[in-house]
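Colleague: Spelled out, the chains give:
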Amino acid sequence: MAELHVELVSPEREIWSGDAHMVVAKTADGDIGVLPQHEPVLGSLVDGVVRVLDESDEEIVRAAVHGGFLSVANDRVSILAESAELGSEVDVAATRTRYEEALGSADGDEEAQAEVRRARASLRAAGEDV
Amino acid sequence: MAETFQTYRRRIRSVKSTAKITRAMELVAASRIVRARQRVEASTPYAKEITKAVSEAASNRSVTHPMLTEADEPRRAAILLITADRGFAGAYNANVLKEGEALSGLLDEQGKEVVSYVTGTKGINWFNFRRRPYARSWSGFSEQPRYEDAREVGQTLIDAFLQPTDDGGVDEIHMIYTEFVSMLTQAPDVRRILPLELEEAEEEQQQQSEETGPSPLYEFEPSAEEVLDTLLPRYINARVYNAMLQAAASEQAARQRAMKSATDNANELVEKYTRLQNQARQAQITQEISEIVGGANALAESTAGSE
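Top to bottom, those sequences are chains A and B. Quick note: the first sequence, position 49, residue 49 per our numbering, numbers continuous. Numbers in our numbering are just positions in the second sequence, counted from 1, shifted up by 1000.
Derived from the structure by calculation, the hints contain no laboratory data. Among the clues, some could well be false.
Unchecked claim - Simulated restraints on C-beta separations:
(1) A:Glu59 x B:Ala1042: 17 to 27 angstroms
(2) B:Ala1135 x A:Glu89: 35 to 45 angstroms
(3) B:Glu1226 x A:Gly127: 29 to 39 angstroms
(4) B:Ala1135 x A:Pro36: 43 to 53 angstroms
Ideal Cβ placement from N, Cα and C applies to all residues, glycine included.
Isolated chain B, as found in the complex:
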């Protein structure tokens, strides 16, 4: 009995120290969400302006650009998976990877070869563990993505897209990231980024034209083609950057939630073990008392007999 009392005490101590760690991680994540969201917000003006510029450039003239045209028979598709560098974030990484599996299954059914690009250590490990090939991977910036990181990823994807399919290029590019809907909801989101779908841009433009009337005819400097040539890749980079920022905010939110429930669980365990520990202690005391009483009785009887 004495052993169980000790065991419980040890367990309580260890659970308590775990709770301290998870609580600290929860607080760290909570403070990082704020900064991550500020970064998302700081990037919005640029994203908005470039979306507007793209929609104006693409809709005002009958320009054709390789990044705007669909391949006749798409044979190869790329998937960019944006995962975190660290775990301890609940189902955050698993959700993205699950969505990636579903999408690659779908593309496979359509007869397209799937090429994967991965950012984030967790995603890379997932691929390595399953011995799945991937074209390229990046890591080390999932919590604080910088624009340069996004540009590198975006440029790699654009290069792959512009390469002819016969030389190993891809015909379409999809991106999977976790959208930061609110503090409580973060949902994995699948977007096709290339060839460009201008739906979003058009929506934006409609809103704008309601505000300011029809958008004017633009003069291009130096020429429409050259402007598109430089504008479109930057638009893609901005999209990738925005996705990374949202993913970073979602990662922190997911981590905060995971760590909060871990802390709650630990506290519950401490409570449960404290009860059990008290019970064990009570049992131990009872046992000792009954032993003493029993011993005293036996002693009393033996002395009574000798008298």
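Isolated chain A, as found in the complex:
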């Protein structure tokens, strides 16, 4: 069975790399799932959760990605995140406070809305229900 080689990198460090069976990410057009033998794709990602799954659809890694790129070629998946954090690294309590604060002032304020999206992605990556 062909495998995908996945690299999740941010400008400051390599966050995760390894082999997987499927990658699910959120592009500007909607969710995209990548399996082995996928055609080459270069897509831009929006704030959201990237999930890396193994053959039995178990999650290997779940990360919040705040803007970036997905590039797929020859069974290599590179996720270039402007900034990213693994679900296990998210400080849930602090992020939730930030999320609720931003949500309160989100009317028409673009920055607050962006903050809402970022915080929501982080919380979802941490497995929280938002």
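Given chain A's structure and the hints, the job is docking chain B onto it.
Modeller: Chain B only, in chain A's frame:
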């Protein structure tokens, strides 16, 4: 004579305490180089991937993008100078600024108006002291640049580039930073970052195609233009970030070297002053002895005369 002995002793003490300080700074710089280099290395995977993505996106389709096209008649050029926040690093800052002077002279000759952007307190002070104008400056992160800092700088440059020239925009952007070649060599490097030159990317791609065969045709999500729109600015930011990281490592290496030679000089001075001090002490003793002997002789003669 007694005074000179004291003076030397005081000098030795002061030089010794200077040596202690420079030695401490040397050690601090040495330990920071390691971390600075680790940061450079940690940023390499991203830089490599984004370079690959840019070269694929730009070469697979006949796309045109303002950031890839040269202006017909470039009239204004921007220079980004990456300097340090602190001195005590030998010729580190001076080299970057000298290179900047040379480049702005060259651009001036080509009939382009030069707009300067500066990062680092030392560079800013240099501009202020000479009453030279600069468009924007940043400081406070030269030793530990974060990606956000680079993004802010990069975004400012991109905004200036995308603005029409008549409204004060620039047609090309150059960047001067200090490349970290090795622990011993750090050389100022001049790069044009916009409009984009894809030489480097192409080189990389050639290497890659030798490894994996010709690169495949990409599908773009949502569209080639939109991908380029977001990809190119990030590529520029990554370039600026990488330059800042290299500059940070170079700064520490330059500082370590400068402080090492300062410490060596101080130790040499201590040695020299110790010799002089001993000489002075010897001279003082000799003088005292001859005074005593002279005094005793005089006394002996006077008593001999009275007998």
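Colleague: Now tell me if each hint is right for this structure.
Modeller: Checked hints:
{"no.": "1", "hint": "A:Glu59 x B:Ala1042: 17 to 27 angstroms", "verdict": "holds, 25 angstroms"}
{"no.": "2", "hint": "B:Ala1135 x A:Glu89: 35 to 45 angstroms", "verdict": "holds, 38 angstroms"}
{"no.": "3", "hint": "B:Glu1226 x A:Gly127: 29 to 39 angstroms", "verdict": "holds, 31 angstroms"}
{"no.": "4", "hint": "B:Ala1135 x A:Pro36: 43 to 53 angstroms", "verdict": "holds, 50 angstroms"}
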